[in-house]
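2 protein chains.
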Amino acid sequence: MLNKPNIVILGAGYGGMITASRLTKELGHNEAAITLVNKHDYHYQTTWLHEPAAGTMHPNRTRMPIKSVLDLNKINFVQDVVVEIKRDEKKVILENGELDYDYLVIGLGSEPETFGVPGVQEYAFSKWTVNGAREVKEHIEYMFAKYNNLAEKRDELLTFVVAGAGFTGIEFIGELSERVPELCDYYDIPREKVKMYVIEAAPTALPGFDPELVEYAMNLLESRGVEFKINCPIKEVTKGAVHLADGEEIKAETIVWATGVRGNSIIEKSGFEAMRGRIKVEPDLRAPGHDDVFVIGDCALIINEEINRPYPPTAQIAMQMAATCAHNLKALIKGGELQSFKPEIKGTVASLGGKEAIGVVGSRKLFGSSASFMKKMIDNRYLFLLGGPSLVMKKGKSPF
Amino acid sequence: MLNKPNIVILGAGYGGMITASRLTKELGHNEAAITLVNKHDYHYQTTWLHEPAAGTMHPNRTRMPIKSVLDLNKINFVQDVVVEIKRDEKKVILENGELDYDYLVIGLGSEPETFGVPGVQEYAFSKWTVNGAREVKEHIEYMFAKYNNLAEKRDELLTFVVAGAGFTGIEFIGELSERVPELCDYYDIPREKVKMYVIEAAPTALPGFDPELVEYAMNLLESRGVEFKINCPIKEVTKGAVHLADGEEIKAETIVWATGVRGNSIIEKSGFEAMRGRIKVEPDLRAPGHDDVFVIGDCALIINEEINRPYPPTAQIAMQMAATCAHNLKALIKGGELQSFKPEIKGTVASLGGKEAIGVVGSRKLFGSSASFMKKMIDNRYLFLLGGPSLVMKKGKSPF
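Chains as they are written, first to last, in our numbering: chain A, 40 to 439; chain B, 40 to 439.
One thing to keep in mind: the hints can contain errors.
Below are the DSBU-like pairs computed for lysine-lysine, each with C-alpha atoms no more than 35 Å apart in a straight line [said to hold, decoys possible]: (1) 130/B / 192/A; (2) 130/B / 185/A; (3) 234/B / 394/B; (4) 185/A / 268/B; (5) 64/A / 43/A; (6) 290/A / 166/B; (7) 404/A / 268/A.
No lab work stands behind these hints: they were computed from the structure. What you are looking at is a predicted structure, and each value in this text was computed from that prediction instead of being measured.
Could you build the full structure based on these sequences and the hints that come with them?
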């Protein structure tokens, strides 16, 4: 190339942000033009959203202006929505314009997986975004506030259903169950009026977690009043109710959908070969047949050879992919070897609200406050990787 | 009477609380048995509720446990709902029991006046209670939170209609309009998306107020984006819309009804002769033909001879009635002259949100921060009358 190459990064999630941040350090001003495209002018930490959704954290603590962490003298930031990727023309169509690229990084993140259950889009909360989390929180509080004003009490106002006992569902009900006594106190509601259900189609909660940890989590949540329905698929969601495959109907004005995610619909719309919106990438993270397109984060599919199943779409893997992606872009532009991506799972910790959590770090199982401590350290480590010590000071979580 | 007489006070509003408080001071333990009946175990200041309703004050600041201000060694407190007064049997029927009385004080407060407009009960917020205020606040915030999550934006989510430009309507829109910039900031909403209407059937806002003050208030509120529709009766409220007599329809998901109050329906149900739920009382505040029944506060009707119209149902008058009522009860029991009630209107101040207010104190007109200062002093004075300096310290408003 005669001119410096155009690198376009789509999405300012965990993957896109770390890629952009690394590239500004590894490539000089004259070596590449870097453009980052994102719908909002802020980045947010998806993995923290169960807290503002339940109302246990100010939503602004989960987000930051992009300009506050990336040097916008070195990166061209475009606030817009991606409509389609025209691979043959090496072009990205945005709602309000288009961008040419020499190298593309797709980090568009995920969408809720509904598994085709009717009514989810219409009658359940499924958006794990800042906007989505604020809506869930305000809806919950509105239901509490409304209850005492009705002449005939409707108990479904105080019934909360979480569909999915995976990571997100468990972390959300952990926060909510921790907050319920405070909500009852604030709104003059007898504690026993509040019902919480977690409904899971699989034969266990937290599939993939150590059974001892799963039992700890379930016992703890049950002690806070959560009722689990395991091995119990949902057939349909209607206005104010979930209908289970076994015929039971649970009336609930608040239904939170957390059965996992699929890749981004832009992937399929743009003609990439994909499985549930995810591209099975080459070892160097490029899309098969596309030397100029990297795919990272929840849009990338990588098989864990040990168990012959895909790695789960986590922030941890997205950040590791971003490091490899930034290295490989540098190699393509400045010369050098492309690396193969090797995920290194350092640990997984699920918070359960308050000072409670469970997790595995290395080969060690953690419970209670030591797991909660580790969870906060993991959250802070991400901020450190992204913005150094000052971002940890500003946005970090005190583990003490 | 051989035994000490039973005094039963219905309602722990401004009138009931001050009556109870005075009686414990003026009558000894052996001179009367005093019972106070109230739906909740707390007293609240109705005239402060526009603040928690708009979200500018914690709702608990507008209420206090009854036991924290009245000495329940001297007063028998019954938490129950009044169903009917059986005058001939000198008995009060409660939801969960009944009470015999020798003397009855009716201080049951008011109910919203709908003027027969269809749809108000179903589709508008009309309850000026702690529960009602919390519901309005949470509904407003839920609308803001919901807006950005809809693919097709519905502007009626951000349209707020107040029916009635009287005291309550103006004070509420004052708080809300003051808070809107903060709400827009919090929920990422462009300020111009929010619409606020105040709709009034009468030919002026704040009828009875000095025109110069009314103009000041309207100009101020308009500068914050409030649109007034004066001389504009509402024909009907439907789900998400108000229909004006002139044919216009305003779509709004939040409709707050504040067109004034009528007396309590228990009055009519119990067979008292009443006008819109209010009993035209004798000068000594007793119900005509009932030597044993006092009526105070919003259930009592007294004509202002100067203008040949009823005095408005205000906290100020309710408290003054309570003082006369307590004096007259003491006179009946211990002997002495019964007083005639003489309202003394010391002043009226309407808050407009933030540091703004308008009012008349004595013959002096007040605007802006001096009116706001006076409003806070009036609110504190009530707390002082009820619970002395310690209650002012605990629940009062800093005028500085």
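Against the structure, the hints come out as follows:
About 29 Å separates the Cα atoms of residue 130/B and residue 192/A, which keeps this hinted pair within 35 Å; it holds. Only pairs whose Cα atoms come within 35 Å are accepted, and residue 130/B paired with residue 185/A is accepted, the gap being roughly 34 Å. Restraint check for residue 234/B and residue 394/B: the C-alpha separation of about 22 Å stays at or below 35 Å, so the hint holds. At most 35 Å may separate the alpha-carbon atoms for a hinted pair to count; residue 185/A and residue 268/B meet this at roughly 29 Å.
Taken as a hint, the residue 64/A and residue 43/A pair is honoured in the structure, with Cα atoms around 16 Å apart against an allowance of 35 Å. Proximity of residue 290/A to residue 166/B is assessed by CA-CA distance (about 27 Å); at most 35 Å being required, the pair is judged to hold. With a C-alpha separation of about 25 Å, the suggested pairing of residue 404/A with residue 268/A holds against the 35 Å cut-off.
Going through the hint list in order, the structure satisfies each hint without exception.
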